[in-house]
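Participant: The hints should help you fit chain V onto chain U, whose structure is shown.
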Amino acid sequence: MVDLAAPRPSGLDPALSVRNVRKTFRIHTDKASSIKGFLAGGGRNRSREFTALDDVSFDVEVGEAVGIIGHNGSGKSTLLKCMAKILTPNEGEVLVTKRMAALLELGAGFHPELTGRDNVFLNASILGMPRREIEQRFDDIVDFSGLHEFIDAPVKTYSSGMYVRLGFAVAINVDPELLLIDEVLAVGDITFQQKCMEKFVEYRDEGRTLVLVTHDSGSVRHFCDRAIWLDHGKVMADGQPAEVIDEYNEKMLGGEAAGDGSGGIRRGSGEITVERVELLVDGQPAAAVRSGGDLVVRMNFTTTERVPNPVFAIRLSSLVGVEVTAPSTRDVDQVAEYVEGSGWVDVRFSNLPLVPGPYVVHTEVTGYGRKHIYDHIQNAQSFDVVAGNTPETEGLVTMRPSWSIEGTGVGPPLRHP
Amino acid sequence: MSLRNAVAHRNLLYLLTLKELRTRYRRSVLGWAWTLLNPVIQMLVFSFVFLVAFRQEPPVGNPSGLQSFPLYFLCGLLPFQFFSISVTASLASVSSNSSLITKVAFPHEHLALSVVGAQLMTFLIELGVLAVALLVAGQMVLPWLLPMLPLIALLTLFTIGVALAVSAANVFFHDVTHLWGIVAQVLFYATPIIWVPETIDVRILDTLSDWHPTGSFIRASQQMLYGGHFPSIWRWMHLTGVAAISFSVGAWIFGRLSPRFAEEL
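Chains as they are written, first to last, in my numbering: chain U, 1 to 417; chain V, 418 to 682.
Simulated from the structure, these hints should not be mistaken for lab results. The structure presented is a predicted model; accordingly, all values stated were derived computationally and were not measured. Cβ atoms here follow ideal geometry from the backbone N, Cα and C, with glycine treated the same way. Hints are supplied without guarantee of correctness; some may be wrong.
With the C-beta cut set under 8 angstroms, the calculated list includes, among others, these residues of chain U facing chain V [to be verified]:
{"no.": "1", "residue": "E105"}
{"no.": "2", "residue": "S125"}
{"no.": "3", "residue": "L127"}
{"no.": "4", "residue": "I265"}
Next comes chain V alone, as it looks inside the complex:
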């Protein structure tokens, strides 16, 4: 991706993102309420499973002392969903715009980037609501919102990388769509969202989730929002590395494939 090109067309990125946001809930009665309704309903379902069906003890925030499974769940789910929904939505972002790609020359990256941008907006709104809920529950989360910003930035870079790679690959191999459905499912369970690393008996899952990208991001998010402590320097380095690799590999793949989009579509 030529970064200069993308910057020169930032207005296009802004307008495409706006289009995503404006058209997302057209012709739906609840409209933007869906943005919040979806995580809330998931929270209710998984809280029931965790607390009632499996009779698990909610994790205790260290040092926050917070003890609430629904809040723990949301601290992990929201960043995870930002990533997974962005990637799902970006899959078709290039191939569904074939009429545009075959008729106009413009930076194709923006098709995928605008999808991530729109999801980022949604994520920030959700995060705002979560922060209010945490405050109500007695967790002074406000100071932690500041170090959340670099985490969100890194997560966005990581997401953009994956989104660019899959949206480009999906033009040539539709398998990517189906493959992603499974990968997203596996990642969801391999990431400590509905389970707690400290109390899980499966050591390998604990170790794995410490290192694989979404596990690492979600742990950092939980540590700050739920636990109220700053992630280790190693965590930050890991996340920076993951984001940098994902972004550069994704951009490279997209850059290699995008000149062939118009022919393939």
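Chain U on its own, in the form it takes in the complex:
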């Protein structure tokens, strides 16, 4: 197992320097994409300006692993694209001193009609790799992707998983000293995600510089040694991941719930459906809860007909899909004889024993035999557990153990400065 929390050496010159970057977009209300429209509008498009980044400055030192967090629309994607030199800032500049690769989309520019081999060469070349180097690394790329048998088949015959694997294999073999990572890791199967993560950890431990842009504060907490929180185009906090993320989550805790519970994938026969999943902390909707706090998962349901003895269940898992718990109303003999109309089911957790990080709730309503599915929502709601009354950071569940150490030569407990 790779040690995710190893300290990083810090270099001298910054690998990446973002200086007073300001980026505005024009939102076209009446887009003049014809010359006539352009002339009729007096040479100007009718539009209003939207500031995506407002005077953002920070340096990323060589060997640092920096996580940039923020909710949707905070400007983090724009920042990533400015750093990757895809977008040009209106003001300020981005200086890059190291060989950079940006993983914004895996396999961008793959041509479906060309073979995997041709696409590897083309894609690596788009990413800026010289021909000789591609030839040298070609075998590594194919090895990493695990697509030996398919490398001479056109990529249009690939599954989406294979496509992503080949894309990642190319991107990672560009051998960057500075790697910008978007939330691309959310794709592919878990084994492959694990492989990607291990590669990133390997890169970080080799002293390369990484910048991870994500809304998943959990991976920043585990993976990065510095976090930058971006909100409405401004840097709100910059520092130790634990502190920045807690501050970020504190804001989220006070704000409205992150999702409306409709973002998941639904299946089932539909006589009874869960309309909305709410997470309540102290009776208020929330997107984050403290470790050791009280949490209520509320499923608001409606029925189309009278449904006899339905079983309500939830599954709680980590973001990458490791199941933590899966209680149901049948376990505790709380199955109603019938349900009709609408209402809600509350699942109450007190003294929540989860380690800080991102979690997902899946909901399910079934018949009493648990075979017939009325309604199942995969990824019904996600939430963050933030630092609370446990000092643990690894694993998913805290069992709140007590420790003792005894021996012939054990000193007194270390006092923290």
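Facilitator: Okay, now just chain V, sitting in the frame of chain U:
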């Protein structure tokens, strides 16, 4: 356009050109035969119109003595088509690669350049076939292939300039596509391909085609391949100027607009 950047990424240009060539005739039964079939069919149609319908006399090559409308037609059509098809194909080269432009930083010029590169390959193949046809017809064309090289180089520079300008402009104004369709049509008839400057009564058309870029290029090509004589020094200077202006203006426009592609697409 930063020339150094383009040179540093020449491998990308090579691979993109290869991609153009490899994917062009995918899923077509005749495949690469289309490259030759298209000009041959046009030649048949226009030869019928010129020789049978309008009963015109084929031009006599000076000093080659060659007298064949189909060959005269091809000596003009092939370079013209290299230019016009390159520009048509380059129109969408930037806008159709939006997924790439919004996800990866790379020299955008190569999208347009690779299209021109692929057409250049096609043109050279066609020219080879035409040279064989001229030899069969008794015109010793081989010595003229050497001075054709600088002409092709200048024509390529000219084409690149136009291709860069239209591919960049097309991202912002889709009118460019429609406008080009008309311009290409007008240029085709304003260039001595299906008519012969010496025998045309419309003086203005003769003079105009002597000066406008495609007319000038096509005349030089006809003089060497069909006529067998070296174009005047003034012709060469004109062509060099046209190519230089087109290339630098096109590169300037592209350079100005390309930082805004990712936002617009």
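Participant: Next step is simple, just say for each hint if it's right about the structure.
Facilitator: Here is what the structure says about each hint:
The interface hint given for E105 (chain U) holds, since its Cβ lies 4 angstroms from the closest Cβ of chain V, which is under the 8 angstroms cut-off. Hint on S125 (chain U) holds. Least Cβ distance to chain V is approximately 4 angstroms, under the 8 angstroms limit. For L127 (chain U), the interface hint holds, the least distance from its beta-carbon to any beta-carbon of chain V being 7 angstroms, beneath 8 angstroms. For I265 (chain U), the interface hint is violated, since its Cβ never comes within 8 angstroms of a Cβ in chain V; the closest pair sits about 25 angstroms apart.
Comparing the model with each earlier hint shows a violation of hint 4 alone; every other hint is respected.
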